[in-house]
Amino acid sequence: MKKIGTIALLLAAGTLAFATPPKMPRYRFEIFTTANGLPDNHVYSVLVDGDRIWAGTENGLAVYENQAWKTYTTKDGLAHRAVLSLALDKRTGDVWAGTMGGLSRISGGRIDSYTQLNSGLSNDVVYGVSVEGENVWVATAAGACRLDLHTDQWTLYNERNTPMIEIWVYGVSATPSKVYYAVWGSGILEYDQKTGRWDKYEDPDGETEMVLFKDQGLIHEITTSVSYVDNILWAATYFGDSRYDGRYWHNFLTKDSGLPSNFTNFIKGVDAQRAWFCTDKGLAYYDGTNWAVYRPSLKDGKPEMTVRDAQGTVTPIAVTTAPAHNYILGIDFQGSDIWVATAKGLSHGILQK
Amino acid sequence: MPPRIQTALGMGLAVMAAALFMAALWRDRPVHANAQGNETVAQGYASPLEVLLSPDGTRLFVLCQQSEEVRVLNTATFTVVKNIAVGRVPRGFSLSPEGDRLFVTNSWDDTLSVIDTRTLAVVATWPVGAEPSSVVEDRTCKRLFVANRISSNVAVLDAQTGTEEKRLRAGRGASYLTPSPDGGRLYATHIFPNPSPHRTAPESEITVIDTAHAVVVDRIPLHSIAGVFHLAFSADGRLGVVAEYHPKNLVPLAHLEHGGAFADTLTLFGADVGKQVEIPLDELERYASQPFSVAIAPDKSRIYVTCGGSERVIVVDVPRLLHFIHSRPFPESASFAQNLSASSNYVVARIPVGHNPRGLALNRNGQKLFVANRLDDTISVIDTRTNRVASTIALVSPKTLFELRKGEQAFYTARYSFQGQIGCATCHIDSTFDGLTWDLEPDGFGRDIVDNRPIEDLKDTEPFKWNGGNPNLPTECGPRTEKFFWRSENYDNRTLTDLVSYVRGLPSRPNRWRLPHREFTPAQERGKAFFERSVDKFGKPIPETNRCSYCHSGPKGTNQKSFDVGTRKPADNSGLLDTPQLTNIALTAPYLHDGSARSLEEIWTVFNPDDKHGRTNDLTKDELNDLIEYLRTR
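Same order as they appear, the protein sequences are chains A and B.
To convert, count from 1 in the first sequence and add 485; that's my numbering.
To convert, count from 1 in the second sequence and add 208; that's my numbering.
Bear in mind the hints are in silico, worked out from the structure with no lab data behind them.
Just so you know, these numbers come straight off a predicted model, no measurement behind them.
Wrong hints could be hidden among the right ones.
Below, computed lysine-lysine pairings styled on DSBU-like, alpha-carbon distance capped at 35 angstroms [as the list claims (entries may be wrong)]:
id, chain 1, residue 1, chain 2, residue 2
1, B, Lys769, B, Lys691
2, A, Lys740, A, Lys685
3, A, Lys679, B, Lys769
4, A, Lys685, B, Lys829
5, A, Lys575, B, Lys745
Computed footprint of chain A on chain B, listed as stretches where at least three residues anywhere in the stretch have a Cβ under 8 angstroms from a Cβ of chain A [to be verified]:
id, region
6, 257-266
7, 408-419
8, 423-430
9, 803-816
To give an idea of the chain A side of the interface with chain B (calculated C-beta under 8 angstroms), a few residues [unchecked claim]:
id, residue
10, Ala553
11, Arg576
12, Thr577
13, Gly578
14, Asp579
15, Gly594
16, Gln601
17, Leu602
18, Asn603
19, Ser604
20, Ser607
21, Asn620
22, Gln638
23, Leu641
24, Asn643
We put the beta carbon where it would ideally sit given N, CA and C, even for glycine.
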């Protein structure tokens, strides 16, 4: 009996030692910097538009097409050199760029710019932009707004007509049913397109330093990014992230998930289960159970990929490439590939079979 | 009932029916005011604007703007097959690729009429964008593209249901659409220049749309161009031609005698020319004022251009034109527009036609050219082998030439200006404006720059000019025009009276931001309160002369007095300015007397630092937006 027990123990240990980590996507990353055509290495935002890739950098809006980069600057009509956010109007092909000096519309090569002086835009610092139907929803440093492309009417949303307390609006995700705004210091604002009513989601414990009520609401008030997909809200803050299905919240923190950092700049849901997290310590992917992190090692800068399973076991995966930097600012998808905006270059993650 | 009574009753009913029929006929006709300011209905002219031939060439479709109908003529006899009533002020039409449907844009209804060409009946009327001006169906008959002038876009509609799919950004004042010969691309032009920095050369474009995907794929820049009209392709697709105005608005207009205020030009593009190039149609004493429509002969031997102001059709010899372009150094500006001796190299005829020739149609073998003479109610038929008018088809029209009609002819013709260079309509395109700022008087370069104001609904908006210097329209249109614009002997008294009657009677276009029954949206309502307020947000009374509603009072939005609103520039001789009316103010950018404000917002965010142009600096951004929403309803 003792022998059998010993054998079972050895078998279990052996299984553990040679356990295969969950299969997570592996990428070969190609890097774009000023050395190969990007106007600036500081890439705030990235947008996939079919075969074209748009990169919002600190020194202009770059577009990659036919293996070459072209850059639009203020000389071409861009509102400001620093392009913080990008959105595609899938119906028309127009690209909307939120900049540090206004909102620009790039249409067939022509750029029209809207500022707080020449239009109804609430503020020139445009952190986020999202297009839904005939409406362009904008997140600015002084409130949110909507431009109706049919009537050219601007509608401003701020502390006077919404539950917004702070007006520093960082991100927006617009769909035909709901529009979500990430408001820095004011949680998440929800606009119901059908009823025209606003709702608000805040950190239920109201604590900025700790999480008292885990999975009972938004993780923190300092929200930075939202993504609404398949009726699921993915919300990023500088203190952890959240998923909300309309009834239940689930919070993600470094201490109990595969998130490499609670400081999340940008979040993008793939569907109801899967999402990408752009943090200051690398790019993370969550498939609903397991996590993968892609980054240059924080210790030696060498390419690194780790996989964390549901039990919390972290397994390093041998890789030879990684995103250009661990400070990740944005992501978009091109089929099975990913494009990643980082503080030191743009990365194209090519899925490896 | 005795037979006599029956007869009397029958006659009475007949008279009543006839009266009702006549009333129905006249209902919804454009309304003009006469010289005395009384409203009268338009006098029943047809005003043919565009012409089209059926695919088999047996029918000529004539789009009659003033009678608001499509007249269908038999091309063998030129007798009327049918008159088809459409919507208000139709502006453009086209046949489906199959030829079974005729689409008509009704510019004041914001609708599209669909006509079955077999039954010649309107089978559908679909809502579209603001001021639809041109329409094209794609080759697959799946999509319709509609150029909306006020919306400045091209709407994409389901060709079977009329359901709008989306709108594509086009140039400002999007108006004319032309498909490429293979149907793969659609080219959209626009009549007002795109926004550009103050006192820089105007910029326009040809918007190129991929018809299969219904997206904008390119914008061909047209530098120094403001006012782009019809475009045509050669059958092989290797030559594209567009008719356009090239204004010289950065130098004083009074230099008409020193080379002109406008060049009337074509831009050519495509494989035959290589690099895109602009060529003039003008020649000294033979200007081609207001080029509008263009057609290319099937064998690509000739280009035909109607010139609404010069009342001629210009004939360009294509081989000679291409030789001209290729045999000399290519200009750095990609333009020969300033060369007044150029056109003698390739213009082979300037054929006199009727008043204000507009639309063109060539028959299949290219031997007959039909020209719509809008202000004559005639169609000229030109024999292209002789370049002569072979016949003139008179459309059913009043025999009498009423004063409004004569005034409109005077407004559009270029015959009164120095060497026939320009007419009123050159700057007031389609009796509106041109979106440009001008240096009108010979007071030195760059002095007293003025924005071109619209001329709708002018009654009770006197005085005129930005400095209020002209007390009435006869002065504005008479001696002022003679001195500063025409630089030549002006109209006789009778013509001046007719012209003034026409201008004074121009109605305002429907306001697209106004709700029915004079209701307001919440934002407009809030804005109206700011417009009318007498106390600022801090409870401080606003002096009467600094309230919006004081200077911009009354139904037209002007108290007809002059004020200094703090917008005087160093080059202005005075800061005292006439209060402009607010009629359709949303459409008429740029703003302020010199056009320095590119949007309504800039009037207050940039040019009102001291609250002299109304008390506005206490308003938040959303409150200023509300004020603007209200102004757009004026």
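Verification of the hints:
A C-alpha spacing of about 25 angstroms is found between Lys769/B and Lys691/B, which places the hinted pair at or below 35 angstroms, so the restraint holds. Simply put, Lys740/A and Lys685/A have alpha-carbon atoms about 27 angstroms apart, close enough for the 35 angstroms limit, and the pair holds. For the proposed pair Lys679/A and Lys769/B, the alpha carbon gap of about 48 angstroms is over 35 angstroms, so the pair is violated. For a cut-off of 35 angstroms, the pair hint linking Lys685/A to Lys829/B stands: about 23 angstroms separates their Cα positions.
The suggested pairing of Lys575/A with Lys745/B is violated, with an alpha-carbon distance near 43 angstroms, which exceeds 35 angstroms. For a cut-off of 8 angstroms, the count of residues in the region 257-266 of chain B with a CB near a CB of chain A stands at 0, and the three-residue condition is violated. Only residues whose beta carbon comes within less than 8 angstroms of a beta carbon in chain A count, and the region 408-419 of chain B has 3; three or more means the coverage holds. A stretch counts as covered by a chain when three or more of its residues have a beta carbon under 8 angstroms from one of that chain; for the region 423-430 of chain B and chain A the count is 5, and the coverage holds.
Beta-carbon proximity to chain A at under 8 angstroms applies to 6 residues in the region 803-816 of chain B; the threshold of 3 is reached and the given coverage holds. With its C-beta approaching chain B no nearer than about 17 angstroms, Ala553/A sits outside the 8 angstroms limit, and its interface hint is violated. Look at Arg576/A: its Cβ gets to within about 4 angstroms of chain B, closer than 8 angstroms, so that hint holds up. Look at Thr577/A: its Cβ gets to within about 6 angstroms of chain B, closer than 8 angstroms, so that hint holds up.
Given hint, Gly578/A at the interface with chain B, holds; its Cβ is 4 angstroms from that chain's nearest Cβ, closer than 8 angstroms. At its closest, the beta carbon of Asp579/A sits 6 angstroms from a beta carbon of chain B; the interface hint therefore holds under the 8 angstroms criterion. About 5 angstroms separates the beta-carbon of Gly594/A from the nearest beta-carbon of chain B, less than 8 angstroms, and the hint is met. Residue-level restraint check for Gln601/A holds (minimum Cβ-Cβ distance to chain B is 7 angstroms; threshold 8 angstroms).
A least Cβ separation of about 4 angstroms between Leu602/A and chain B falls short of the 8 angstroms threshold, and the interface hint therefore holds. Hint on Asn603/A holds. Least Cβ distance to chain B is approximately 5 angstroms, under the 8 angstroms limit. At about 6 angstroms, the closest approach between the beta carbon of Ser604/A and any beta carbon in chain B falls short of 8 angstroms, and the interface hint on this residue holds. A least Cβ separation of about 5 angstroms between Ser607/A and chain B falls short of the 8 angstroms threshold, and the interface hint therefore holds.
For Asn620/A, the interface hint is violated, since its Cβ never comes within 8 angstroms of a Cβ in chain B; the closest pair sits about 13 angstroms apart. Restraint check, Gln638/A versus chain B: the minimum CB separation of about 6 angstroms is within 8 angstroms; hint holds. Below 8 angstroms, beta-carbon pairs count as interface contacts, and Leu641/A has one with chain B at about 4 angstroms; its hint therefore holds. This hint holds: Asn643/A has a C-beta 7 angstroms from the nearest C-beta of chain B, less than the 8 angstroms allowed.
Of the numbered hints given earlier, the model fails hints 3, 5, 6, 10 and 21; all others are met.
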